[in-house]
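*Asks:* Chains Z and Y, in that order, give the protein sequences.
Numbered per this note's numbering, the first sequence spans residues 1 to 142.
Numbered per this note's numbering, the second sequence spans residues 143 to 667.
Hints listed in this document are in silico derivations from the structure and should not be mistaken for laboratory results.
Even glycine gets a Cβ: it sits at the ideal position worked out from N, Cα and C.
Treat the hints with care, since some could be wrong.
Just so you have them, the derived chain Y footprint on chain Z, three or more residues with Cβ under 8 Å [unchecked claim]:
1) 27–35
2) 40–51
Residues from chain Y that keep clear of chain Z, each with C-beta distances beyond 10 Å, as calculated [said to hold, decoys possible]:
3) Ile174
4) Ile255
5) Pro370
6) Thr412
7) Ser497
8) Tyr552
Residue-level listing of the chains:
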Amino acid sequence: MTVSLVLVVIMAALIACGVYLLLERSLTRVVLGFLLIGNGVNLLILIMGGPAGFAPIYDENLDPAQYNDPLPQALILTAIVITFAVSAFLLALIYRSWRLANADDLTDDADDVALRDGTVAMPAEEVAFDADDTDFPAEASR
Amino acid sequence: MITALVPLVVLVPLIAAALTLVLGRRARPQRIVAALALTTVLAISIVLLIGVDQQGAVVVEAGNWPTPFGIVLVVDRLAALMLVVSSLVLLAVLVFSIGQGLADGDDETPVSIYYPTYLILTTGVMVAFVAGDLFNLYVGFEILLVASYVLITLGGTQARIRAGVTYVIVSLLSSILFLSAIGMIYGALGTVNLAQIADRMSELPIDVQIVLHVMLLVAFGIKAAVFPLSFWLPDSYPSAPAPVTAAFAGLLTKIGVYAIIRAETVIFPTPELNPALMVVALLTMVVGALGAVAQADIKRILSFTLVSHIGYMILGVALGTVAGTAAAIYYIVHHIVVQTTLFLAAGLVEREAGSTSITRIGGLLASAPLVAVLFFIPALSLGGIPPFSGFIGKLGLFEATAEQGDALAYVLIGAGALVSLLTLYALVRVWNLAFWRPAADVDGDESRLLRAVEEAPDSTATLAETRATPRLMTLSTVGMVIVGLSLTVFAGPLYGLADRAAQGLDGSSDYIELVLPGATTGEGE
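Isolated chain Z, as found in the complex (with noise of 0.2 Å):
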């Protein structure tokens, strides 16, 4: 299978950029990366429909073997759309998370720095029990 150079050395650029912006803690970053990568990939599957040929219509002059393959470029059509909507849904998001915290980074989980710092308080757990009395303790209490 001969492919074309350039469409490989694109892709690989696209998604080598890709990576480096999703690697971003800024979301507006993470969504070009988003953006970069998927078209990389369309690419990739671009190339894997082999060599360049004739539309894919039928044409009783043309060898079968002439014909593009159409099956990649269905693939990759179904694919746009799907990161077309994706894209919409993640603008919004990011968006709605600059209205609401004003900063475009990613912030970290409250629980889990929480946990981290050692500021959740657990409490004794041996409150609950009590050996000698088989009653629930609740309703002992009340």
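Go by the hints and put chain Y onto chain Z.
*Replies:* Just chain Y, lined up with the frame of chain Z:
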């Protein structure tokens, strides 16, 4: 005749989603349409399961396009069983959320989009289960993921947006990996049809096979929350509304596990990566359970136990034997039901006590004995106490593991037993603090309700808080507990069904013969 029913499981929720969207702000007809649609899907799934179990699997060529070219929908015993369990759970959660009044006047939730989104989630789940080719599976994943993005950020409060961002980005990454794996597989094999992929995979050099295998496993592993790809889950699930979390916890990760089962049995029936998967299963179990022990919020504890129990299912799949797959299938069914029930019970706790933090609530056994029972039974089942379904599932898994008989297998059995003990410990801790502890012992004993009443006795928020727990919420949780108990009562027939499903998945030849009759290895189109 039965083939006509297969597309309906996808079409009915999709059409209902459109209808509920048109009905817009009229909550009552929306509820009726949604409940009717899910009941229909459940009925169709049950008919499909009975039909498929008696007459063998069903293959539908969408639009009558011949198989390698068109889209095929395949319902075998595994898919049919998953359809029944998931539509049952989705219906129960829908009833719960109707009861909660999620869609009626709750200021955290916009009225008009909840039901359509929920139905689209259902559509995605159904597409994923009946998909006969990899790309259709991808589309199913995307449908349910996009719907889940909306549901997890419902209302757009700060906590939910924060959790939603993590969830969305991680899911996007897994989708991109899955898509590039599909691209690579198409490049290598020239097809996305599962049966054709299975047929041609053995012609590839072994190293290419392993690359494709690992790519698919990573993509599915993120969705299934397998360690080390699981950290997004306990971070994002707990902040969503209770019924949404219940549906997600029960179903979404299991769809990842389902995809892993398909990949392991149909596409890559060879055992190269099985030892690696077993180690991953071990780590998933142990790390998840340790996380559960450290948490102080019921929803977070449950999220960590969810991760840890994914490990059991992966263990069953990793064995690569019929007994292992059968045990994994039974365990999936048990876990979907029980985990959903626990999250619904946590929703009831939140309703009764105003919080799910075990440091701040207590005395629930006295104030809400029914909720206590509804939490206690699935908790024991999850912890693996006989005679509940968790015990049966774990017993089956350990037996299948012991058959393998090497050192790693026995380490896994030991770890599995330890992890079920840790799960039990984490859940008993919840029991002791939230239910058994007298309310007076809670530090700063002042419930949210009390505070609200003192501050503003007549505000609508206070009135909503003082309203008793809606009967539908309790009813659907009771229903789920009964379903969970019936997994024990009908364990024999159910395990038999899981066993037959697993036998159909023993090696890829049955699946290939089913979808592509007459195809043999080496023959292309």
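*Asks:* Now tell me if each hint is right for this structure.
*Replies:* Hints versus structure:
Only residues whose C-beta sits within less than 8 Å of a C-beta in chain Y count toward coverage, and the stretch 27–35 of chain Z has 3 of them, enough to reach three; the restraint holds. With a cut-off of 8 Å between beta carbons, the stretch 40–51 of chain Z has 6 residues touching chain Y; three or more are needed, and the interface restraint holds. Separation of Ile174 of chain Y from chain Z is adequate, the least Cβ-Cβ distance of about 28 Å exceeding the 10 Å criterion. Even its closest Cβ contact with chain Z, about 12 Å, leaves Ile255 of chain Y beyond 10 Å, as expected for a residue assigned away from the interface.
The beta carbon of Pro370 of chain Y sits about 17 Å from the closest Cβ of chain Z, which is more than 10 Å, so the claim that it is off the interface holds. Here Thr412 of chain Y stays apart from chain Z, with its beta-carbon at least about 23 Å from theirs, past the 10 Å limit. With a least beta-carbon separation of about 13 Å from chain Z, Ser497 of chain Y lies farther than 10 Å from that chain, consistent with its non-interface assignment. The beta carbon of Tyr552 of chain Y is kept farther than 10 Å from every beta carbon of chain Z, the shortest such distance being approximately 33 Å.
Checked against the numbered hints given earlier, this structure breaks none of them.
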